[in-house]
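Put chain B on the given structure of chain A with help from the hints.
In case you want the letters, here they are:
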Amino acid sequence: MDALMLARIQFASTTLFHFIFVPLSIGLALLIAIMQTMYVFKKDEIYLKMTKFWSIFFLINFAIGVVTGIFQEFQFGMNWSTYSRFVGDIFGAPLALEALLAFFLEATFIGLWIFGRDKLPEKVHLACIWLVSIGTMLSAFWIMAANSFMHNPVGFVLQNGRAEMNDFLALLKNEKLWVAFPHTVLGSFATGAFFVIGVSAWYIYKKRDVDFFKRSINIALVVGLLSGLGIAFTGHAQATYLMHAQPMKMAAAEGLWEDSGDPAAWTLVTSIDVENKTSSNRIDIPYLLSYLAYGKFSGKVEGMNTLQEKYVLKYGDGNYVPPVKTTFWSFRIMAGTGGVLIVLSAIGLFLSFRKKLETSTKYLKFMVPVIFLPFIGNSFGWIMSEIGRQPWVVNGLMKTADAVSPNVSAGKVLFSLITFSTIYLILGLVMVYLFVRVIKQGPHEKVKEDVSTSDPFETGEMQNATK
Amino acid sequence: MLLSELWFLLIGVLFVGFMFLEGFDFGVGMSTRFLAKNDLDRRMLIQTIGPTWAANEVWLVTAVGAMFAAFPHWYATLLSGYYMPVIVLLLALIARGVSFEFRDRVESEKWVKTWDWSIFIGSIFPPFILGLTFASLIKGLPIDADMNMYAGFFDIVNTYTVVGGLTFVALSYLHGLTFISLKTDGSLRTRARKEAQKWYAITGGLVFWFVILTVFYTEAFSAKGPILIPLYILVGILYGALMLLLRNKKEGFSFTVTGIILIMITASFFIALFPNVMISSLDIAHNITIYEAVSGDYSLRIMTIVAATMIPVVLGYTFWTYYVFRKRVSKKENLNY
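Top line first, the protein sequences correspond to chains A and B.
Residue numbering for the first sequence follows our numbering, beginning at 1 and increasing consecutively.
Residue numbering for the second sequence follows our numbering, beginning at 468 and increasing consecutively.
Think of the hints as simulated: they come from the structure by calculation, not from any bench.
Heads up, a few of these hints could be off.
[What the hints assert, rightly or not] To be clear about the criterion: a stretch of chain A counts as covered by chain B if any three or more of its residues have a C-beta under 8 Å from a C-beta of chain B, and this derived list gives those stretches: (1) 64-76; (2) 110-116; (3) 409-420.
[As the list claims (entries may be wrong)] Simulated pairs of lysine-lysine, BS3-like, Cα-Cα distance not exceeding 25 Å: (4) K440(A) to K580(B); (5) K440(A) to K665(B); (6) K119(A) to K580(B); (7) K794(B) to K123(A); (8) K296(A) to K362(A).
Ideal Cβ positions, reconstructed from N, Cα and C, are used throughout, including at glycine.
Just chain A, same shape as in the assembly (with noise of 0.2 Å):
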């Protein structure tokens, strides 16, 4: 394999195992600091052991996220140094923006979250606990700048051979950010949730601390329907937009090869050939690609062969299509996941509010499994989003063919994808291996001995040390 396909591996599989982490720090964050918060107003300790035991999750799982990140702003410059070269003006603003306005925050308040506890007062500790999970969101906010930028390139000019900077308020303004940037939170907010849901569902059906996960599952439940429905709006939204900044992505998110008729119809299987660019066998719900391609009940929507010969006479030869089966594949299972989140939260909390789910052990198991749902939606999501973008790395602009470090040997690079995935294989095992044992262990604290009282020889160095 050549270094561009080995790097096209590395991006992919680093990007997508740093971002099984992250969404979870950010969703985490949130309902501790909703957990916490009820416990300084109400004042009642389970609250508090909430706030804690959840945490314990949310700080493994913060610290593979950030260490994993790091090696995504060095990723740019070490295998894609033309690309670094050609954007670095306008998209490692964002970047550095990042660390400046989200990492400074969210580093310094965890510290002081963590080890501030009995040193500041409650409110200035709740304080630390809400600026840790604006950070997360921050730190989110301008890596999708940065990643809107390479979908829908806005607020530059192309000069001294390269991409220039030159209307910093666009690319804040980016319509693109504007709806993947909330998807993405949402996404976030209810991968914590489900999270929370599934392992208090698995207690609850063990009878263990019943109390204590019902509580949570609570909070847990309202956050996933509020951040289901939310999905589901924004990923509407991000269709309408698909439609008019990047259609070739709707298109082959939809396999669709020739233009639908009108009002166009929303395929939901078929099979794919793209050797000879058709879609046969489709299961087709009339209407409903209008309605996602224009948030109305007509207008059709343009196939792959005729966008294909659009961008032939606009950027040359060459083959503009994605990997369809892919792009095609990777939405419906987002999609998919999207929507079963939607329906279980909404069980979840008709059972609670009836007071039924102590009692409803086949919802109860069902939930444990479901905590991986939303860590694949994530995934698919991503997936859809940036293999839709190909052969683009920056949207009509530069092909990632283009754009990787002329100077970097398929070798470096195969070496580096082993060691990084033999390093992340290892904390991916050790941090299933320490979740499934806090969640054997259970919500009781536990006391870590004082080894200092039990060992003479120490106090006879004491007594040393203060002469």
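Same frame as chain A, but now just chain B:
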């Protein structure tokens, strides 16, 4: 001053700040093996940096981010050129970062030991790689007319750069020791001071050797002598004074001095580099200057405005954090680790 020069200075300051702050964190990491006698010692040592090490690391992340935004060519040439050292640096930072969080999660000796090693290794490699990188940056690297760097192993790893790396490791350790004697109580406090006196000669020797090699291996002195010579003389004077401070148990001053030495040595690289960001060993015409590597003026202006507004805020809560955790870590308090 031009905006490009201001941003060169700012990135320099970020790296200098990183070496000052994370320098003692790395030193504390190393001390978990050299200084600690038992698990309680280790827990106390880690507790001294627990609340702040993560934020200190952000200085590096910000420096690299600012490099990307303000000097895309510097960022691209540097990171693609130093591919292997960067991988080692990142793996070390990853291992270190998670170990602090993981080490006390399972009560098993094997578990704790594994992550303690990971902290130790993760604390030695980053200063070494940074020293290696800074030294080879001012020595010059094979950079072609397209700004791409094609460095072989010995372009990056050679006597001069290895001494540079070791100097940073030793200085970080010494800085960590003065930090520990300032931040702990009891036997650790005394032992850290004694260990610092023990490492004093070795570290001083390395710094001296490195400065001598810099004269022979680089153009730094012929180009920037009038600034570098007084700077290094000052380092020498301060280093001499450090012995007295350590002997007289002036912990606050000792820490300040090891910090200033780290600051001055890190700053000397940026002084030597200016106005280049990368020096080519192939042809002086291939040197990349800050004026060639820089982003557009508009971009720099925007970032200057944001930085000018936000840096005081960041510094404000950073200082506040150190104020909150100003007390010495003693055995009496609840350790988080």
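Checked hints:
1. Counting residues of the stretch 64-76 of chain A whose CB falls under 8 Å from any CB of chain B gives 9; the rule of at least 3 is met.
2. Note: the stretch 110-116 of chain A has 6 residues with beta-carbon separation from chain B under 8 Å; the three-residue rule is met and the coverage holds.
3. A stretch counts as covered by a chain when three or more of its residues have a beta carbon under 8 Å from one of that chain; for the stretch 409-420 of chain A and chain B the count is 5, and the coverage holds.
4. A threshold of 25 Å between alpha carbons decides the hint, and for K440(A) with K580(B) the separation of about 23 Å falls inside it, so the pair holds.
5. For the given pair, K440(A) sits about 47 Å from K665(B) by alpha-carbon distance, which is inconsistent with the 25 Å threshold.
6. Among the hinted pairs, K119(A) with K580(B) is inconsistent with the structure: their alpha-carbon atoms are about 30 Å apart, more than 25 Å.
7. Proposed proximity of K794(B) and K123(A) is supported: the alpha carbons are some 22 Å apart, at most 25 Å.
8. Between the alpha carbons of K296(A) and K362(A) the distance comes to roughly 39 Å, so the proposed pair goes past 25 Å and is violated.
Going down the numbered hints, you'll see the structure goes against 5, 6, 8, while the others check out.
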